[in-house]
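K.L.:
If you're matching them up, the sequences are chains A and B in order. Taking full-length UniProt numbering, the leading residue of the first sequence gets 1, the next gets one more, and so forth. Taking full-length UniProt numbering, the leading residue of the second sequence gets 1, the next gets one more, and so forth.
Please note: incorrect hints may appear among the correct ones.
Label-pair distances were calculated between CB atoms; the ranges are [as the list claims (entries may be wrong)]: (1) A/VAL64 x B/ARG111: 47 to 57 Å; (2) B/SER149 x A/GLU74: 31 to 41 Å; (3) A/PRO76 x B/SER197: 46 to 56 Å.
It should be emphasised that the hints constitute simulated quantities derived from the structure, not laboratory data. Ideal Cβ placement from N, Cα and C applies to all residues, glycine included.
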Amino acid sequence: MTVETNLPVDQEYIRSFSAEKGEAQWLADLRLAALDKAEELPLPIAEKTKINKWNFTQFTSHSVKSEPFASLGELPEELKSLINVEEVNKNLYIQRNQTPAFLSVSQDLTDQGVIFTDIATAVKEHGDLVQKYFMTDAVKPDEHKLTALHAALVNGGAFLYVPKNVEVKEPIQAVYVHDNEEAALFNHVLIVADDNSVVTYVENYVSTVAPESGVANIIAEVIAGTNTKVVYGAVDNLASGVTTYVNRRGTAGRDARIEWALGMMNDGDTVSENVTNLMGDGSFADTKQVVVGRGNQSENFTTKVVHFGKNTEGFILKHGVMKDAAKSIFNGIGKIEHGASKSNAVQESRVLMLSEKARGDANPILLIDEDDVTAGHAASVGRVDPLQLYYLMSRGITQQEAERLVIHGFLAPVVEKLPIEGVKKQLTEVIERKVR
Amino acid sequence: MTASTLIIKDLHVAIDGKEILKGVNLEIKGGEFHAIMGPNGTGKSTLSAAIMGHPKYEVTSGSIELDGEDVLEMEVDERARAGLFLAMQYPSEISGVTNADFLRSSINSRREEGNEISLMKFIREMDSKMDLLEMDQDMAQRYLNEGFSGGEKKRNEILQLMMIKPKIAILDEIDSGLDIDALKVVAEGINEMRGESFGCLMITHYQRLLNYITPDHVHVMMEGRIVKSGGAELAHRLEAEGYDWIKQELGIEDETVSQ
Numbered sequence: 001m002t003v004e005t006n007l008p009v010d011q012e013y014i015r016s017f018s019a020e021k022g023e024a025q026w027l028a029d030l031r032l033a034a035l036d037k038a039e040e041l042p043l044p045i046a047e048k049t050k051i052n053k054w055n056f057t058q059f060t061s062h063s064v065k066s067e068p069f070a071s072l073g074e075l076p077e078e079l080k081s082l083i084n085v086e087e088v089n090k091n092l093y094i095q096r097n098q099t100p101a102f103l104s105v106s107q108d109l110t111d112q113g114v115i116f117t118d119i120a121t122a123v124k125e126h127g128d129l130v131q132k133y134f135m136t137d138a139v140k141p142d143e144h145k146l147t148a149l150h151a152a153l154v155n156g157g158a159f160l161y162v163p164k165n166v167e168v169k170e171p172i173q174a175v176y177v178h179d180n181e182e183a184a185l186f187n188h189v190l191i192v193a194d195d196n197s198v199v200t201y202v203e204n205y206v207s208t209v210a211p212e213s214g215v216a217n218i219i220a221e222v223i224a225g226t227n228t229k230v231v232y233g234a235v236d237n238l239a240s241g242v243t244t245y246v247n248r249r250g251t252a253g254r255d256a257r258i259e260w261a262l263g264m265m266n267d268g269d270t271v272s273e274n275v276t277n278l279m280g281d282g283s284f285a286d287t288k289q290v291v292v293g294r295g296n297q298s299e300n301f302t303t304k305v306v307h308f309g310k311n312t313e314g315f316i317l318k319h320g321v322m323k324d325a326a327k328s329i330f331n332g333i334g335k336i337e338h339g340a341s342k343s344n345a346v347q348e349s350r351v352l353m354l355s356e357k358a359r360g361d362a363n364p365i366l367l368i369d370e371d372d373v374t375a376g377h378a379a380s381v382g383r384v385d386p387l388q389l390y391y392l393m394s395r396g397i398t399q400q401e402a403e404r405l406v407i408h409g410f411l412a413p414v415v416e417k418l419p420i421e422g423v424k425k426q427l428t429e430v431i432e433r434k435v436r
Numbered sequence: 001m002t003a004s005t006l007i008i009k010d011l012h013v014a015i016d017g018k019e020i021l022k023g024v025n026l027e028i029k030g031g032e033f034h035a036i037m038g039p040n041g042t043g044k045s046t047l048s049a050a051i052m053g054h055p056k057y058e059v060t061s062g063s064i065e066l067d068g069e070d071v072l073e074m075e076v077d078e079r080a081r082a083g084l085f086l087a088m089q090y091p092s093e094i095s096g097v098t099n100a101d102f103l104r105s106s107i108n109s110r111r112e113e114g115n116e117i118s119l120m121k122f123i124r125e126m127d128s129k130m131d132l133l134e135m136d137q138d139m140a141q142r143y144l145n146e147g148f149s150g151g152e153k154k155r156n157e158i159l160q161l162m163m164i165k166p167k168i169a170i171l172d173e174i175d176s177g178l179d180i181d182a183l184k185v186v187a188e189g190i191n192e193m194r195g196e197s198f199g200c201l202m203i204t205h206y207q208r209l210l211n212y213i214t215p216d217h218v219h220v221m222m223e224g225r226i227v228k229s230g231g232a233e234l235a236h237r238l239e240a241e242g243y244d245w246i247k248q249e250l251g252i253e254d255e256t257v258s259q
């Protein structure tokens with residue numbers, strides 16, 4: 001066996017890690033095969049951003065144990081603000097670094113057959129379901145180095161299954177807390193919505209420590225069956241030292257709707273992929289993203305909707321604000337495959353730069369292999385208008401406050417249209433903190 | 001409140017290195033209404049922009065003082081908080097910021113933290129001023145100036161004036177683009193402000209505005225300077241006879257700031 005030097009773990013480690021967790025053989029095998037791939041596959045292509053020097057692989061500790069929270073009262077204040085502590089019938093999973101730290105699922109949902117639990121428990125208790133969908137349909141381990149590494153090293157995450165014809169009324173929430181400087185996060189979220197079901201899932205990634213370096217490799221898969229509606233909200237808020245690869249991908253069956261509401265508020269270098277594959281006829285995707293970049297971070301956001309089915313519709317709306325010396329690339333891709341007639345691909349990306357050193361770029365891309373379709377795109381990159389600031393300041397408002405108003409105004413058209421109230425509120429608060 | 005005094009002395013102002021104002025002298029006291037008239041291109045709007053601190057205009061010499069404080073040393077927001085206000089000819093549109101939020105931020109910027117205007121009081125006051133200006137109530141929740149008609153923008157400037165209650169206001173062509181009914185409404189709003197603690201400088205091409213707001217002092221601007229001053233009767237004479245008699249009197253051939 002060859003000994004690889006560019007990864008901090010080897011086959012031996014994976015074998016013992018999997019055994020210690022008491023994992024099924026299929027997962028151990030999947031991990032080992034993926035590790036082989038991780039060594040040979042290249043990094044993903046982040047169009048227009050050089051990521052080959054980024055630290056996606058070097059971390060201190062792949063496995064750390066954290067104390068669970070006995071009750072929500074124990075949560076630090078910054079986490080309490082993310083959840084409604086008073087609410088009794090909540091459906092909430094909190095993960096502390098890699099450790100499942102709190103879980104609450106209402107009796108009502110359990111009675112209806114809804115499964116919501118941490119990924120390790122799901123592998124044990126619902127192995128068949130997990131095996132069927134885990135990196136088989138939406139994301140595959142052998143796409144590139146980071147998906148392979150993810151498959152090999154998954155150490156946290158959640159599984160949500162909604163049975164046929166079940167409509168989950170209240171949002172289901174997951175909070176992933178990063179409060180150990182050494183913890184590397186390989187988090188996997190798997191959501192399976194069976195036919196005719198409806199569900200809203202909201203997640204937060206939040207750092208309460210500021211390590212000099214760290215790694216987050218996050219993959220979320222949404223499998224939306226026939227005539228389902230899945231609304232997926234996220235507010236990512238990881239610390240500046242953490243290099244993040246985050247891939248949220250959905251597969252929509254016939255007449256399925258997947259709506260994404262993503263607040264990309266990480267302070268560290270980030271590569272984000274958000275892809276929806278519209279497989280079934282009449283399926284629908286809507287992605288709304290809000291980004292605030294600051295400091296020296298570099299970010300690359302690819303948002304893509306691929307139309308396979310007929311009469312499919314995809315909408316992408318992204319607004320980003322770049323402060324300080326932050327850099328970001330917004331790639332928007334609408335791809336209509338041959339045969340996806342009567343489909344419609346629409347996208348809009350706008351970037352506002354607040355300082356001379358900030359950089360932003362928006363690349364709208366339409367790839368169309370079918371005649372009978374409609375498509376449209378709009379993109380703009382610009383600096384804050386000095387006359388707007390002058391006008392606001394001429395009423396006594398300080399420059400800082402004027403900039404804050406302009407930023408809020410710029411992001412509002414996206415924030416206000418986010419489909420989940422809770423995400424809207426959280427995001428507004430995070431933006432408030434970041435632009436101050 | 002005591003009356004304020006704005007004193008402008010020998011003000012020279014350039015834009016992109018080209019001198020527009022060539023020595024303006026003017027004194028405005030609380031309780032006084034001044035009008036600056038003059039044909040296009042004579043530097044009237046430049047004066048208002050320079051007083052407020054527009055980023056493109058450079059004061060090359062001269063001074064502006066408000067109650068003894070050096071205005072030119074102040075940032076734009078400091079000038080506003082010191083008591084200056086400019087109703088702009090072309091107000092910016094700011095998407096995503098509601099008119100009401102903007103107004104409240106403006107008012108609170110003048111107040112200590114913890115002593116912000118109460119929401120109820122703010123709404124009551126805004127409602128009554130909007131009624132007086134015959135503005136639709138929904139304009140409070142619309143984004144600042146976005147999609148406003150020309151007339152709506154002007155009313156909105158006066159709404160801000162009435163809510164902020166500055167010591168000295170400059171109204172830059174507040175009458176342009178207004179029909180006669182709208183002009184009356186706007187004039188009524190401005191006249192409401194009259195009082196010992198409020199001084200006003202109106203910049204206009206037209207005598208028409210001055211039929212509704214009687215000025216105490218009228219100044220004529222040409223070639224980047226105030227070339228003639230008088231009382232309200234001066235405006236009437238300009239209305240009747242135009243500007244040519246002044247040019248002849250002063251031997252001016254081209255009244256505009258030479259290009």
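K.L.:
Which earlier hints turn out false for this structure, listed by number in ascending order?
P.N.:
2
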